[in-house]
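Peer 1: Start from the sequences, fold in the hints, and give me the full structure.
Protein sequence lines, in the order shown, are assigned to chains R and Z.
The first sequence begins at 7 in my numbering and counts up one residue at a time.
The second sequence begins at 2 in my numbering and counts up one residue at a time.
What the hints contain is simulated information worked out from the structure, not anything from laboratory work.
Stretches of chain R that chain Z covers, calculated by requiring three or more beta carbons in the stretch to come under 8 Å of a beta carbon on chain Z: (1) 72–80; (2) 160–170; (3) 226–237; (4) 558–569.
Where is the CB? At the ideal position from N, CA and C, for every residue including glycine.
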Amino acid sequence: MRQQYAIRSLVLAAGLAFVGLAIVVQMIRIQNSTQAKIFISQGDLYAGEFRTFYPERGEIYDRNGHLLAGNRTVYEVGVSLSQVNDPQTLATTLGQYLGLTYEQVYNQLTNSPKSWEYVAVQDYVGEDTVTALQQLIQQKESAGDKSLNGLGFKPHFQRSYPENSLASNVLGFVTQDGRGYFGVEEKYNDLLAGNPVQVWVPSDPNKATEIPRVPNGTTLVLTLNRDLQAKVENILDQSLTKYGAENGAIVVMNPKNGEILAMATTPRLDLNNYSNYFSVYDNGSQYNRSIGMAYEAGSVVKILTMAAALDAGTVTPQSTYVDTGSIDVGGITIRNWDRQSWGQQDMTGCLQHSLNVCMAWISTQMGPQSFYGYMERFGLGHPTGIDLSGEAMGRLKVPGDTDWYNVDLGTNAFGQGVTVTPLQMLMAASAITNNGKMVTPHVLYSMLRDGHQYNVPSQFAGSPIKAETAKTLNQMLTTSLEGESSSALLPGYRVAGKTGTAQIPTQNGYDDSHTNASFIGWGPVDDPQFMIYVWLQKPNISIWSSETAAPVFSQVAEQTVVLLNIPPDAVRAQLVQK
Amino acid sequence: MQAQATQIIHAYKQAPWRVQRQYVGTFLLVVISTSMVAALYLQVTARAARAGREIQEMRLEITTVQRTNADLETKLADLTSTSTMESRAIEMGYRPVKPGELDYVAVPGYVVPEPAILLAADDITQFSQALPSEYTQSLIEWFDARVKNGGY
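Peer 2: Printed below as a string of structure tokens:
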């Protein structure tokens, strides 16, 4: 009996052990099956979420530390649908505060798909509105009213431009998707935006996660002087009204290092309302005419022709030319702007009276190979390489091009048939003020990242002419400007420069009734610290740049010397002596 | 006599109550060991959870401070914008200066300032240490690490 009981016990124990073992085996098998892996991966979906941490977009400052582009907090107003008690009250309140209709909000709250936990009612809501809503929620909750349950606010950054439209053509703008368009915002988008970091955030609060380091985007310091920019924009706007011009551009550059101190164009865009872009501009090239729109600038190009001729030894300042009022180049007769003959002129006289015939003679004396070689070395027909997006490169036809004719050698010499941007002219002319060395214009002064400042070095873009040539031409242009008692002159300061009045090409030849009025000038002549380019498009008070663009240059120069603390020549000489 | 004593000792060792006590003792040892391990595990995970919570709160605080900082900076820029400053200056009776109205004084040793160095405060987050492994590893991982490191 006892033995029989022992056997039964053993059998039972063995049976139970077998069942236990089978359970363990089954557990191991299930846990290592392919289905288990699917289950585990599905489970992982609910164990947390991948969250992307976006860095704060880098700020943009002017050279004196004034904020030009920053960030401000805005909110996404949304509702957690499962927590809603009273959709009618929520719809009424949100409609009232967010400027939406009751039906819009109510439909979102009640007709959303059942799987939705959350619905975003409106994004980019300002802080004032959200604060008012939060106060309302508090008031209601303190009174025991839960009718606004479910309402939530998610903060995030939005680009903000404290100066509104100031320097809008240089800055560009950032859309709601965080991408920069035009100007610095587009050119340096990757630097400014920084690198988003994606992190797995577990739902289980017991699992501590590593803090992701999301470095802010790089902060940029521009070469712009905010106060000068504001003054120049103001002068440009007033000039358009005064001279009846359609549009215009004024650029102020430091000719020694290519730093852009001010760059004003019209029209400008309020960057905080960039959605108006399409109502302000017809195409992207209008966004910044200084770099995006090439045009026939006319006589300002004569300074490059003269520089080339002097440098090549074709002429000297004392060389004379007897102007008969016309010259034949390539079978086409070229005449002066006033269709008059000016008799014997030296080279300074040719510049002072802006004689087309004299310039055409000079270029023919140089020959196409030499002339176009110099023009290419001056950068015509090539982008300047400025660190702004949307730069046009203009057009310089050269022998061999299908649309180049012999007469172009003559007309190109006085700026007809060749298109340039204001910035290309500034870059080319910088060789005259800078001992023959041409600077690359730029707007970025430095970058700030991780507590370090990286200054951007100035770059030279070659030496198209010799230092001696540059000095000679500088003196000739000063003399010619003073000789004609130009309205571009600035009392107390010696400045040099050249006007440019250019007819506007159309499909039916040149438009006789409208011109592009330009002026390029710099000062003080003995130590140039600013170089200014003025372009007025189709002024209707006068077609002549000497009566429109030249006085604008003087106005800009006056503000420039004040804001850059440049003493008058006499005072500067005294200060140097001391 | 000696054989009898050995017999008594043997009987004592094999007494049913003694065997039962050995079983109970072993069982209790297992229970106490398990409890100790569970308590230790609970303590470690509780600390990790508390640290995790603190980290989350600090992260939220950092984000809030960064947002406030950016907002204040933008508001300050609004208040000192060109148009605002110009209108304030005009209200206070100032007018733009003309070049001839300026006096220049030579200051020996004065160097024209370069564009303002706008270095912000050091970004401390770049130097922050990674979380110590004690906050993230399980007890088994901790034990495994200790075994691999020879107890250190």
